[in-house]
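Protein chains in written order, with the working numbering: chain A, 46 to 398; chain B, 10 to 348.
Worth flagging that the hints you see were computed from the coordinates, not collected in a lab. Treat each hint with caution, since some may be false.
Between beta-carbon pairs, the in silico distance windows are [claimed, not checked]:
#1 A:P367 to B:D112: 38 to 48 angstroms
#2 A:P208 to B:G47: 49 to 59 angstroms
#3 B:P320 to A:L344: 37 to 47 angstroms
For every residue, glycine included, the Cβ atom is placed at its ideal position computed from N, Cα and C.
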Amino acid sequence: MIKAVLSDDLPRSPVLSLALLVILAVLALAPFLFGGAQAINTAAKVCVFIVLVASYDLLLGYTGIVSFAHTMFYGLGGYGVGLALYGWGATWGAALAGLAIALAAGIVLAFLIGLFSLRVRAIFFAMVTLAVASAFAILAAQLSELTGGEDGRSFSVPPLLRPGFTLLELPALGVTVTGRTLTYYMVFLSALVLFLAALRIVNSPFGRVLQAIRENDFRTEALGYRTVYYRTAANCLAAAMAVLAGALNALWLRYTGPDTTLSFAIMLDILLMVVIGGMGTMYGAVIGASLFIVAQNYLQKLMGTAAKAAQGVPLLPDLLHPDRWLLWLGVLFVLSVYFFPAGIVGRLRQRRT
Amino acid sequence: MADAPPIAAPEPVPLVRADYLPVLLVPALALAALPLIGSPTTWVTLTIAALAMGMMIFVISSGLTLVFGLMDVLNFGHGAFIAVGAYLAMSTLLPFAGWLQADSLALNLAALGLAVLAAMVGTGLLGWAFERVIIMPVYGQHLKQILITTGGLIVAEQLIHVLWGSDQKPMALPTALRGAVTIGPVAVEKFRLLAVGVGLLVLLAMLVVLNRTKLGLLIRAGVENGEMVEALGYRIRRLFVAVFVAGSALAGLGGTLWALYRETLTAGIGGEVIVLVFIVIIIGGLGSVGGCFLGSILVAQMANYTGYLAPKVALASNILLMVLVLMWRPQGLYPVAKR
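Generate coordinates for the entire structure from the input sequences, incorporating the hints supplied.
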């Protein structure tokens with residue numbers, strides 16, 4: 046039965062299976078395991094990013110397309126739900142309407158970009174997506190009457206999901222099930238379903254064709270598969286998943302803004318998570334996202350203390366400064382592309398043979 | 010063999026028909042903007058600003074397009090060279106603050122010249138290291154190239170934060186280059202004239218090297234058909250490294266000019282202009298210097314005119330321009346590389 050749920054794509058490595066089970070258990074029981082707000086925020090962020098990075102892996106790892114527009118779809122989802130809840134009242138109807146509009150817009154945009162640039166060169170696609178994403182980010186920041194500009198928009202969620210709403214109290218576990226807990230489980234279950242759906246997509250005949258396109262698109266075209274259509278379809282699917290991830294993120298944070306969704310830094314983070322976790326293996330998204338976000342939240346403190354300890358040495362405090370987090374990640378990223386092209390998951394699977 | 014008569018062609022080789030249609034786009038766009046802007050003096054100011062900005066973008070993007078045309082390597086880390094060049098120039102100018110503040114054009118230009126030299130040499134060296142360490146191992150693999158050069162960009166930008174700090178640095182214009190010259194009713198900023206001058210010099214130098222020297226001949230031949238050049242016995246690898254270093258040095262020069270144009274400097278300066286650079290090389294056609302020049306001017310015109318008319322959609326209008334040009338000529342205005 047597990048095989049059916051995982052679409053026959055088993056972890057194939059004992060260490061990986063253990064890691065995935067631990068991550069699943071921690072994420073499933075997070076509201077009961079951790080009391081603090083930061084821990085549960087980290088857990089929710091991990092859930093959202095697992096979906097986002099898995100959708101990017103569909104594009105990069107399985108189809109071999111580098112796109113810099115993924116944060117645009119992420120932002121589209123966030124803004125769609127956020128602006129709908131802001132403008133039309135905090136009801137489920139408004140949220141669903143906003144989500145539907147964002148999904149439609151995202152899929153149409155992905156379709157247009159794909160049809161326009163996937164025909165010509167893969168490199169064109171990367172450049173065009175970079176340009177379009179930058180333009181979108183600037184527009185979102187500029188149209189401040191609509192989107193709240195640089196500050197973004199805070200909004201209320203439907204009453205069921207508000208922190209003030211108490212569903213039941215469990216004094217034995219010392220936990221009150223509030224709207225926040227409900228929101229967390231909504232995010233967690235949606236992330237789980239979306240991840241399993243992505244697993245299903247990549248292990249289907251459609252996914253096989255995508256992998257064939259990645260390996261040798263000329264031959265795939267010669268075999269009779271119109272690569273333009275498959276690539277565009279992959280683009281649209283990945284965009285749709287990113288829009289959903291954005292919507293989940295907006296519902297959790299009850300805020301949407303350009304810095305949390307549209308910045309190029311987030312695009313680089315996704316790229317890092319995918320490559321370090323393992324391109325072309327959906328589980329790489331889980332491992333990469335969990336490692337990255339946990340490390341980002343807790344390792345930066347470690348770097349701060351190390352920087353203070355190295356005060357006297359000439360360049361070392363600047364190199365260890367917690368803001369230079371991205372430097373070390375960039376180095377790790379470059380090394381990963383050279384020496385671990387299959388990422389952590391690939392390494393773990395290799396060890397088994 | 011020595012006494013065989015030279016073979017004469019039966020008829021002269023047909024000349025390539027010069028394609029001047031894309032050149033007409035520049036005045037066409039300028040004239041189209043005139044009725045929208047209204048006032049002729051504003052229009053002249055904007056057009057000259059567009060020329061200056063176009064020259065700077067051309068200086069930055071010419072290296073990138075030649076590198077891509079020659080060796081099929083798209084360096085997403087080009088933005089790092091722009092930023093490093095600007096920072097090196099800023100650091101070189103620090104001890105020469107006196108020369109900059111003096112009201113003598115000669116001293117100002119001398120100080121700027123030194124700064125530009127330092128920037129170009131520094132970025133040239135960085136480019137050489139970048140090519141050796143980051144790009145060489147992934148020749149031919151486009152996906153890895155994009156990923157690796159993006160990684161290189163991240164690392165380079167963070168190293169700038171480490172070496173120079175994360176705060177915004179002022180980049181003051183030299184005294185003799187501040188302010189504007191009035192030609193009739195139109196005010197033209199002095200620095201913009203310098204930028205146009207530098208850009209034209211670079212264009213001239215490139216045209217001379219590419220069209221009148223053996224090196225240029227090899228580069229042009231390499232862009233058309235690299236394998237054949239290699240088969241004829243030339244080391245195309247060395248050619249590529251040379252072009253890459255030259256492209257990086259030009260990016261450093263462009264970065265210096267851009268930083269002086271904006272009068273402030275942050276580590277993200279490369280990121281500001283790299284999107285425009287990509288749009289320019291797509292419009293111009295990958296591998297073509299002439300196309301790059303035209304593309305830069307068109308993009309700069311679009312940016313300046315929409316910056317005046319509707320600032321919120323400035324970048325989006327450039328993307329629209331790119332879409333329109335690609336619908337007319339899918340390979341760019343002057344496609345060269347047959348890839």
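Here's how the hints hold up against the structure:
1. Between P367 (chain A) and D112 (chain B) the beta carbons are some 46 angstroms apart, a value that agrees with the proposed interval 38 to 48 angstroms.
2. A hinted range of 49 to 59 angstroms holds for the C-beta pair P208 (chain A) and G47 (chain B), which are about 55 angstroms apart.
3. For P320 (chain B) and L344 (chain A), the Cβ-Cβ distance of about 41 angstroms falls inside the hinted range of 37 to 47 angstroms, so the restraint holds.
Hint violations for this structure: none, all hints satisfied.
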